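Starting from the known structure of chain A, fit chain B onto it as the hints suggest.
Protein chains: 2
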Amino acid sequence: MSQQMEIICVGNELLIGKTLNTNAHWLAKRATSLGIMVKRITVVGDEVNEIANVIRESLQRKPRFIITTGGLGPTFDDKTLEGIAKALNRKLEVNEEALKMVREKYEAYFKEGKMEKVELTPPRVKMATLPEGAESLHNPVGTAPGVTIEIDGTVLIALPGVPPEMEAIFEESVAPLLRKEAGEAMFFETSMYADGIMESALAPLIDQVMHYNPYVYIKSHPRGEERKPYIELHFSTTAKDSKTAKARLGKAIIRLSELVQENGGNVMFQKRKQLS
Amino acid sequence: MSQQMEIICVGNELLIGKTLNTNAHWLAKRATSLGIMVKRITVVGDEVNEIANVIRESLQRKPRFIITTGGLGPTFDDKTLEGIAKALNRKLEVNEEALKMVREKYEAYFKEGKMEKVELTPPRVKMATLPEGAESLHNPVGTAPGVTIEIDGTVLIALPGVPPEMEAIFEESVAPLLRKEAGEAMFFETSMYADGIMESALAPLIDQVMHYNPYVYIKSHPRGEERKPYIELHFSTTAKDSKTAKARLGKAIIRLSELVQENGGNVMFQKRKQLS
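For the protein sequence lines, the chains are A and B, in the order given.
Using the working numbering, the letters of the first sequence map in sequence onto residues 148 to 423.
Using the working numbering, the letters of the second sequence map in sequence onto residues 148 to 423.
Everything labelled a hint here was simulated from the structure, so no lab data went into it.
Where hints are given, some of them may not hold.
Each pair may be met inside one copy or between any two copies, as identical chains are not told apart.
Here are the simulated BS3-like pairs of lysine-lysine, each with C-alpha atoms no more than 30 Å apart in a straight line [said to hold, decoys possible]:
no., residue 1, residue 2
1, K393, K165
2, K375, K264
3, K398, K165
4, K390, K165
5, K247, K261
6, K390, K375
7, K209, K186
8, K238, K252
9, K233, K247
10, K233, K375
11, K264, K252
12, K233, K390
Keep in mind that this is a model prediction, so the values were computed, not measured.
One chain only, chain A, in its complex shape:
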């Protein structure tokens, strides 16, 4: 049984459709590849109560990990830490370790000539003001530290919304933790492509193959233009080693290929670029 994760993305820009949520996509892909099962992704705006509600609801479902992105910066609408504190009914307090990280960043900016003097203004101290009991995570490329806090068996990790900062903290501090907790389970996937057969005709064939290959999950995705449609068949499995995974996926692929061809369809193992 894989460890479960929920992802919470904070930011009005996601709710007004200004920003495409590449952070959720990146995190889901990375966590899945490390053997973690992402169960839910939630996007909310920059409102303390909304953030607190989503955190509380997520904690009730008891995932092993919650990762939030966004809302850690210096501006008034960076409200994630306030939301977490409210959800946990804890105070916000200046965290000395986080403040040291923030101070070192501004000292570096000063040395690089980006600032006239090092001054820890209230917006800067805000980035080091964490819920009681939280710890800070080093940010290799930006100013706001990541934050982590454990609550009744759930590890809550707050990352910034700026993608290079989110990714850098994840790789440095979060990935090693997930890798350790995921144990030996790894996620494997591959796709094949079919045309000359409708999705509604494929459905019972997929059922049949999944019935005899219970560890393989197969999902069909209609692709291509309306006049030249084809169907992507995505095969995935979670296994302890690639040999087991390849054997499982291979068996399911061969059987589904046979069935597709028996039903008048064609099978391809690469996207037919000429179709689009």
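Same frame as chain A, but now just chain B:
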């Protein structure tokens, strides 16, 4: 007060990071532009209980609209309608109007020579099997109809996950409804760009401008490379006409520009392409 909407996206491919959630982005942008306020976006996998839970939780928050995407097709893992029926404690039944839509599609495919005979197999009838009391929405480009059902003041709309189908049903059947309900409120937005000033120095300036321009929302987004950073300042407002919106946004932009320059920064009104 704008009408509120929640978006629910169903699909394991979103949770494993295989597919970037462009549907949520597209829907959020279109709904916002029609004057609707998107409050939450949730992504769940292809599991009946998960879908039912998310629908139930969303209904408890009483948004005017819930739009789901994905899970309406013919395959075993298209489970959105089953999830909705479970959430509402209603039976699934073959809907005659929906069945007529599905039959007409297959008759058209037959005439185009894509099928050897018109046959309403169980996977095809499944696309017309809706929760009691639901109505179908015409799908101009694909097979699975959209579905709509009203529950205690919330209009729940289920759209397919294939983007051209989702968009076509939205434009034909959903946009006119949203436009009517949104009344006269419209969303207006614009951005300016600043460099030579840190986000933590901008924070109190933004606070000040928002304090004196209460209908304008300003959010800063760090952009650019680490060595050549700049900050996008995104201004938005909801207003009944563009004249009001332009006056509000213009006033806030002028004041923030002055403050940025007084604090040693530069202001640009286009993205500085040469920076990246």
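Verification of the hints:
1. For the identical chains of this complex, K393 and K165 are inter-copy neighbours only, at 19 Å across copies versus 40 Å inside a copy, given an alpha-carbon limit of 30 Å.
2. When the C-alpha separation of K375 and K264 is checked against a cutoff of 30 Å, the pair qualifies only between copies, where the shortest distance is 20 Å, while the shortest distance within a copy is 63 Å.
3. Taking the closest pair of Cα atoms, K398 and K165 come within 30 Å of each other only across two copies (22 Å); inside a single copy the shortest separation is 44 Å, beyond that limit.
4. For the identical chains of this complex, K390 and K165 are inter-copy neighbours only, at 22 Å across copies versus 43 Å inside a copy, given an alpha-carbon limit of 30 Å.
5. Taking the shortest Cα distances, K247 and K261 sit within 30 Å of each other inside one copy (19 Å), while across copies they are farther apart (67 Å).
6. With identical chains, the CA atoms of K390 and K375 are never at most 30 Å apart, being 36 Å at best within one copy and 46 Å at best between copies.
7. Taking CA atoms no more than 30 Å apart as the test, K209 paired with K186 passes in both settings, with 11 Å inside one copy and 24 Å between copies.
8. Proximity of K238 to K252 under the C-alpha cut-off of 30 Å is restricted to the intra-copy arrangement: shortest distance 25 Å within a copy versus 59 Å between copies.
9. Taking CA atoms no more than 30 Å apart as the test, K233 paired with K247 passes inside one copy only; the shortest distance there is 25 Å, against 52 Å between copies.
10. For a Cα distance limit of 30 Å, the shortest separation of K233 from K375 qualifies neither inside one copy, at 53 Å, nor across copies, at 36 Å.
11. Proximity of K264 and K252 under a CA criterion of 30 Å is satisfied intra-copy only: 12 Å inside one chain copy versus 70 Å between copies.
12. For the homomeric pair K233 and K390, neither the shortest alpha-carbon distance inside one copy (47 Å) nor that between copies (40 Å) is at most 30 Å.
In this structure, the earlier hints numbered 6, 10, 12 are contradicted, and the remaining ones agree with it.
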